[in-house]
Amino acid sequence: MRAVWAIACGMIKELIRKKDFYVLLIFMLILLGFLSYQNFFDIGGVSRYVRDLGYSLVMFFSFITAVTFTAKQLPSEIAARTIYPLLAKPLSRQTIIMGKFFGGVLVSGLSFTIFYAIFTGFYMTGGEGKSLVLLAQGYLFGLLFLCLVTALVMFFSNFLTMSANIVLSFLLYISIGGLADSLREIALFSKGIISVLYGAIYYFLPHLEFFDLRTRITHAWDPLPLWVVFSLSGYTVIYCCALLYLSGYMFERKRL
Amino acid sequence: MKTILTAKDLHYTYIPGKEKREVLKGIDISVNSGEIFGFIGPNGAGKTTTIKLLLGILIPKKGELTLFGSPPSAPKTRQAVGYMPEIADYYRYLTPVELLIMYGNIFRIPKRVLKERIEKLLQLVDLPEHANKLMRTFSKGMMQKVSFAQALINDPDLLILDEPTSGLDPVARKKMREVIQDLRSKGKTIFFSSHELSEVELVTDRIGILNKGRLLAVGSARELLGDKEEGQSLESYFLEMIGEKK
Numbered sequence: 001m002r003a004v005w006a007i008a009c010g011m012i013k014e015l016i017r018k019k020d021f022y023v024l025l026i027f028m029l030i031l032l033g034f035l036s037y038q039n040f041f042d043i044g045g046v047s048r049y050v051r052d053l054g055y056s057l058v059m060f061f062s063f064i065t066a067v068t069f070t071a072k073q074l075p076s077e078i079a080a081r082t083i084y085p086l087l088a089k090p091l092s093r094q095t096i097i098m099g100k101f102f103g104g105v106l107v108s109g110l111s112f113t114i115f116y117a118i119f120t121g122f123y124m125t126g127g128e129g130k131s132l133v134l135l136a137q138g139y140l141f142g143l144l145f146l147c148l149v150t151a152l153v154m155f156f157s158n159f160l161t162m163s164a165n166i167v168l169s170f171l172l173y174i175s176i177g178g179l180a181d182s183l184r185e186i187a188l189f190s191k192g193i194i195s196v197l198y199g200a201i202y203y204f205l206p207h208l209e210f211f212d213l214r215t216r217i218t219h220a221w222d223p224l225p226l227w228v229v230f231s232l233s234g235y236t237v238i239y240c241c242a243l244l245y246l247s248g249y250m251f252e253r254k255r256l
Numbered sequence: 257m258k259t260i261l262t263a264k265d266l267h268y269t270y271i272p273g274k275e276k277r278e279v280l281k282g283i284d285i286s287v288n289s290g291e292i293f294g295f296i297g298p299n300g301a302g303k304t305t306t307i308k309l310l311l312g313i314l315i316p317k318k319g320e321l322t323l324f325g326s327p328p329s330a331p332k333t334r335q336a337v338g339y340m341p342e343i344a345d346y347y348r349y350l351t352p353v354e355l356l357i358m359y360g361n362i363f364r365i366p367k368r369v370l371k372e373r374i375e376k377l378l379q380l381v382d383l384p385e386h387a388n389k390l391m392r393t394f395s396k397g398m399m400q401k402v403s404f405a406q407a408l409i410n411d412p413d414l415l416i417l418d419e420p421t422s423g424l425d426p427v428a429r430k431k432m433r434e435v436i437q438d439l440r441s442k443g444k445t446i447f448f449s450s451h452e453l454s455e456v457e458l459v460t461d462r463i464g465i466l467n468k469g470r471l472l473a474v475g476s477a478r479e480l481l482g483d484k485e486e487g488q489s490l491e492s493y494f495l496e497m498i499g500e501k502k
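These protein sequence lines are chains A and B, in that order. Going left to right, the first sequence walks through residues 1 to 256 as the working numbering numbers them. Going left to right, the second sequence walks through residues 257 to 502 as the working numbering numbers them.
Next comes chain B alone, as it looks inside the complex (with noise of 0.2 Å):
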């Protein structure tokens, strides 16, 4: 199977005044085609700082990453990612359509192909009645909705999302995990942080486990819990990798 993502030793540290704080220190992960990889960890444990590196947002300090053999700020590689921030308060003033366009049109995309994709992209969220209203009315979970489907504008092989169920009621999750699991089947990669354990668990075909910048376990969940007594949860796995459960 095709590795689409490639880190090594990846060390990030960050120099706010003249503190320094090694946020990572040294993980390794490889993610291959077609698989959905869970990233969790508590806050502060350098998730989002590992997903600005892998946007090439952030320029490691150490170490080697790379997205389809290329670094992630190369355009080629951009072109083939998309990405869902935690939180993203879109514009306003603008309808869904109008951001899709925008994003659309960044991205190069054929204006006929651009409009086809839009109209799928919202049936796709469950926004198609919501089209053309300013974004100012939109509660949180629609704008998640509006944020996964533009970070699908591309259609991207690799899929990268931060906290995607966050403010989405039960059967908006649902959905949401439907349609991962969808995009996955047509060979899509995905990688997927978050803090709900269980939305992770019941999705990722293998997880890692992130703490104070190190990657404690990587597995999938069968494997991390194979050795673990009986009715064990990631949950309960999870704290006790971390040292919160004794």
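Pulled out of the complex, with its shape left as it was, chain A reads as follows (with noise of 0.2 Å):
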């Protein structure tokens, strides 16, 4: 754990050191200003739209710190040579996978709660219904959310360079929802192999859509009950533990 916990320290440094966190919190602050600025007449339409696109830019600008992070770490090892005296210390190469991993949701994380701690106090002052509730749900499933991602450029990055990767991450991220109600739709209304073949690329898809409670805030409906609350954090580390085994795997017989 010391050893995981040393690989990931070393991008909670890179985080803060870097600019690119705070070209992003600074153009999340001007952009949240000026829609506070659309909110100042507190109409409930335009409230609505504001916390729409408020928490849409929490999520996005945090995706963007996972992906970005995260895809650039096993390549710039081997690019600037680092993985070698990494790789002759006494660690297997799984965790530098997992220290990786854990850096990713730490980074992404600390952005997460940086974005969303400034969403918060805009939607604390707005005029809608508020639930606390649903907040601390929305906070659980982007963190949640940024796991999936993390997990998921990881895993890309064993057989990916980091430009496609990212560009793949963010296809996925535009698309899966789109993608997932066509394949539903498919399989439902599909018989035989067709069905069934769709339906498995549907269950396989890391389905992000999942995580997504924006209509649920803008519109300040009901927070979900808890037995999904404890599936979509189950199917979360099932997904997760299931990718970063595959990445050592690959990792593991990648010729360095």
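Hints listed in this document are in silico derivations from the structure and should not be mistaken for laboratory results. In this text, a Cβ means the ideal position worked out from N, Cα and C, and glycines have one as well. Treat the hints with caution; some may be incorrect.
One-sided excerpt, in silico: chain B residues whose CB lies under 7 Å from chain A [what the hints assert, rightly or not]: (1) R334; (2) D345; (3) Y349; (4) T351; (5) N361; (6) I365; (7) P366; (8) R368.
From the two separate chains plus the hints, produce the assembled complex.
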């Protein structure tokens, strides 16, 4: 665990010392400030629109941080040749993957916490209905989402270049909701092998859209029942474990 | 004298695409405790592959390789090995102290011991005034010094150095030689790969000459040059061995 923490700490220092995070933070503040100004007259519709955009920005910026930080970890270690002194130390390749994963989760989780705190301040001062439980669920789902994204990017980085990894992750983020709906519909309304095939693809895909509480938060709906929260937490843990195991397996066999 | 490193009939083949390339064709090496073993050869001879095998980064296709009587990838073995790569562009957003803390934590070195060791190592490589500066401002030579310090963070019994003097100025080279010899006097074993033949001649106890995946000769500089005419240098002997001198 100390080795995993040692690797992860390096990534947090990188987040703090590089400009990328501050650029996102300033950009986020400007956009939220602008949106708050739109909400000045507290008109219901505008307020919901502003909440919707604010939440989307928080999730998108946290996603950017998770993807860009995690995608470059293994390729830059290999390009800078720092992977060799690391591999010569008494730690397995699986531990290196775990360290990079935890680093990615910590870095994106830290960014998300800051972004979400700003959004919370903005949410609490708005005129619409407020639910702290829903807000807490939004925070938990955001962290789970980042865990899944980080594990996914870590997995991709075993066989994709950094830019291909980022592009594929963005495509998944943008299209997964619509794609999953289409796959489910085809699976439901077709028969035989086609139904099985599309159904299998549907269940196999990482459902990033499950974590999206935008509509619920925007319209101040009731919080989700606990069984949904536990199920989604379980889904994330299982998916992350599977992806990390596969990443470790592939990295173990990678000739360096 | 105890043998620290043993390689018997070591083979390694790269398979990039469909084309096979046999990089090591059955090499035998043994390095004793407290010895400085120099490993020389032209580019593509198989030096780096041998080092990767010694570190357990690659697995030999055939043959036997042990460090301290165990496989190189065993955690117990790695605990006793320090490695300095030929070129490494260490994390530029970290300071040397932070880098050494990170590696020290991987070795599970107690915090107090680690703090003292880092201070000593930074003194040893002449970087105390740069200890808390971000490495993005460092020159190649300074990076090499950091690299040397990180190789010593676990106080290793076996030190594997790949081109350790590359990028260093003459003063730093001399200092590096002195440190290596001092480490030997403390009973450390050093496996040293280099292109700098004069460097190898000055520092090592025995030399292994590798060419095209085969170990052509092993012995001390005196033994290797013993039956040659007076004044012959290691360089001319080396060139003769690899077939570059007629």
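- Which hint numbers does the structure go against, in order from smallest to largest? Going through the list in order, the structure violates hints 4, 6, 7, 8 and respects the others.
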